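Sequence lines, in order, name chains C and D.
The first sequence begins at 1 in the UniProt record's numbering and counts up by one.
The second sequence begins at 1 in the UniProt record's numbering and counts up by one.
Treat the hints as calculated values from the structure; they're not laboratory data.
Computed from a predicted structure; not experimentally measured.
Heads up, the beta-carbon is just placed ideally off N, CA and C, and yes, glycines get one too.
Keep in mind that the hints are not guaranteed to be accurate.
Stated by the list, open to error - Computed footprint of chain C on chain D; a stretch qualifies when at least three of its residues, placed anywhere within it, have a C-beta under 8 Å from a C-beta of chain C: (1) 14 to 25; (2) 30 to 40; (3) 44 to 56.
Unchecked claim - Cβ pair distances, simulated, as ranges: (4) C/Q249 <-> D/T19: 47 to 55 Å; (5) C/G258 <-> D/A12: 48 to 56 Å; (6) C/Q355 <-> D/Y6: 45 to 53 Å.
What the hints assert, rightly or not - To give a feel for the contact side, a few chain C residues facing chain D, derived at Cβ under 7 Å: (7) K127; (8) E131; (9) V132; (10) I133; (11) K159; (12) D162; (13) M163; (14) Q228; (15) I245; (16) E259; (17) V267; (18) Q270; (19) G282.
Below, each chain spelled out in residue letters.
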Amino acid sequence: MESIIAAKATDISKLERTGAHSHIRGLGLDDKLESRSNSQGMVGQLKARKAAGVIVKVIKQGKISGRAIMMAGAPGTGKTAIAMAMSQELGDVPFTSIAASEVFSLEISKTESLTQAFRRSIGVRIKEESEVIEGEVVEIQIDRSVTGVGPKTGKLTLKTTDMETIYDLGQKMITSLTKEKVMAGDVIQIDKTTGRITRLGRSFTRARDFDATGPDVKFVQCPDGELQTRKEIVHLVSLHEIDVINSRQQGFLALFSGETGEIKSEVREQINQKISEWCEEGKAEIVPGVLFIDEIHMLDMECFSFLNRALEDTMAPVVIMASNRGMSRIRGTNYQSPHGVPIDFLDRLLIISTQAYSEDDIRQILKIRCDEEEVDMTEDALAVLTKVATETSLRYAIHLISTGHLVAQKRQSPKVDVVDIKRVYSLFLDEARSVQYLKDYQDEYMYNEIVPSQGEKMAVDSM
Amino acid sequence: MEAVEYQAKVEALAEDILTDKQLAIDYDRKRQENREALRGLREQSQKTKPNSILATTTVNMGDFFIQLPLPKAQKMMEEAQAELDKAIDDVRQRLKAKVKLLGELEGDEKLVSTAKAMDLKSVSGQELYGISRK
């Protein structure tokens with residue numbers, strides 16, 4: 001199957017670092033979209049996960065676009081985690097994740113930032129096709145004319161496991177071959193349209209030719225099948241990438257450097273038109289994706305009006321937002337509004353709310369994080385940590401896992417025990433204790449303005 | 001019984017696909033041999049004077065050999081090449097359809113989505129990079 005349809009998926013290797021949500025593999029739903037209580041790294045929060053599962057299913061069917069979903073809940077209730085899980089479940093669909101504050105930048109305006117984020121979440125599938133000759137070099141023979149002047153001529157013998165043939169070489173091909181330093185035993189690929197030669201490696205059968213080879217010599221198998229095949233590669237690019245490529249000369253360099261600048265709307269119009277033409281002709285396929293905006297309350301009124309309009313566009317992705325504010329002021333105004341978002345905007349959203357975790361949920365989450373961070377913990381220590389998490393916050397307890405592990409290592413113990421948890425609990429303050437400490441020692445902090453006590457002296461230096 | 005029928009269908013289709021692949025390889029082998037022959041003919045016609053006795057070649061037509069003047073032999077080879085190219089294209093088209101069918105029968109989603117993506121017409125680099133240029 002390989003030589004006709006190369007269904008190769010090149011995996012970009014993940015960094016071996018654990019992040020706050022690296023333990024999440026999916027939403028953990030069964031076939032009937034019911035959430036399992038502890039599955040694929042997700043624990044508890046059953047209703048929200050089920051709602052997210054329904055949305056993922058509808059997105060995969062391609063039936064909604066330009067819809068907006070809001071995840072609202074107290075801090076530390078799994079909003080970002082569910083968004084990460086959704087991105088894992090969606091797989092191929094383009095998933096862009098931004099924080100609302102990223103929209104504010106000195107170089108580009110807010111609307112441009114938002115438009116770029118939108119266009120980054122819409123994918124276009126295109127196919128690239130080329131005739132290639134791929135084979136193992138048996139022999140290269142280059143003749144120079146006797147007089148020394150005049151063009152060189154040459155013959156190249158290529159083979160695969162099924163056939164072997166001789167090619168006559170022209171001047172250009174001879175120059176390319178000598179430049180690439182192609183030798184007998186190399187496996188090469190020649191693009192018929194551009195004439196470019198790529199060395200894929202050396203053949204295994206010729207591995208014993210030399211006793212010592214350089215460090216970056218790759219050994220590959222002799223290719224099988226036809227010598228001359230048509231290679232078809234399918235790419236999934238985003239509309240934003242196409243914008244950037246076409247925005248100026250050498251536009252593709254801006255893709256790597258990141259300084260795209262403002263892209264003119266005429267360019268975007270042309271691109272929209274061209275892509276729709278291609279869709280009609282069967283040359284391209286639009287893959288609408290998902291845009292996740294975290295901390296949506298950081299956007300101001302202008303951004304919200306812009307979003308209102310942008311969501312009604314024909315080529316709009318599904319937008320998922322997260323907010324942990326209750327009744328609060330909309331940024332840029334003095335109006336109070338639920339979740340820090342204008343009411344007319346709220347009207348267009350599907351809202352999923354997340355609840356606080358139960359103690360059992362917290363215990364299971366902490367266990368999963370311990371496994372993810374490769375920390376061994378005793379049952380007692382885990383119970384203490386769960387207690388800490390219920391009284392303070394889940395994130396604080398998760399921080400204590402790695403730090404407790406280090407303290408346990410110092411005391412030469414492979415497992416983290418209660419004494420280690422107690423130590424790090426005293427070393428690192430959580431939010432409530434920090435505020436209490438602040439209140440107790442407020443005089444000694446710089447620029448302290450909370451109820452100056454009698455004396456009114458502000459200490460110049462502290463800490 | 002249905003399961004057996006289904007299995008038989010899948011196996012037959014798979015066999016079909018493998019045969020077609022082999023066919024493409026055989027066609028390509030013939031194509032390369034033809035190409036070498038054409039090259040030999042071209043060199044020979046450059047070396048000899050036209051209308052001389054030497055400007056002929058013997059062509060193997062399966063059971064027997066025919067002696068033909070060079071230009072005629074060249075024309076025959078070129079036609080054969082064009083036919084081979086077309087045949088290879090046809091085989092590839094059929095293969096794509098069969099692989100898609102196999103994916104659907106086996107319920108292999110990845111295969112089906114890849115096969116569907118292959119149905120797109122190709123876009124060249126110039127087209128992609130030159131949208132705003134127009």
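Tested hints:
no.: 1; hint: 14 to 25; verdict: holds (count 4)
no.: 2; hint: 30 to 40; verdict: holds (count 6)
no.: 3; hint: 44 to 56; verdict: violated (count 0)
no.: 4; hint: C/Q249 <-> D/T19: 47 to 55 Å; verdict: 50 Å, holds
no.: 5; hint: C/G258 <-> D/A12: 48 to 56 Å; verdict: 53 Å, holds
no.: 6; hint: C/Q355 <-> D/Y6: 45 to 53 Å; verdict: 47 Å, holds
no.: 7; hint: K127; verdict: 4 Å, holds
no.: 8; hint: E131; verdict: 11 Å, violated
no.: 9; hint: V132; verdict: 12 Å, violated
no.: 10; hint: I133; verdict: 10 Å, violated
no.: 11; hint: K159; verdict: 10 Å, violated
no.: 12; hint: D162; verdict: 5 Å, holds
no.: 13; hint: M163; verdict: 4 Å, holds
no.: 14; hint: Q228; verdict: 6 Å, holds
no.: 15; hint: I245; verdict: 6 Å, holds
no.: 16; hint: E259; verdict: 18 Å, violated
no.: 17; hint: V267; verdict: 5 Å, holds
no.: 18; hint: Q270; verdict: 5 Å, holds
no.: 19; hint: G282; verdict: 5 Å, holds
Checked against the numbered hints above, the structure breaks hints 3, 8, 9, 10, 11 and 16 and satisfies the rest.
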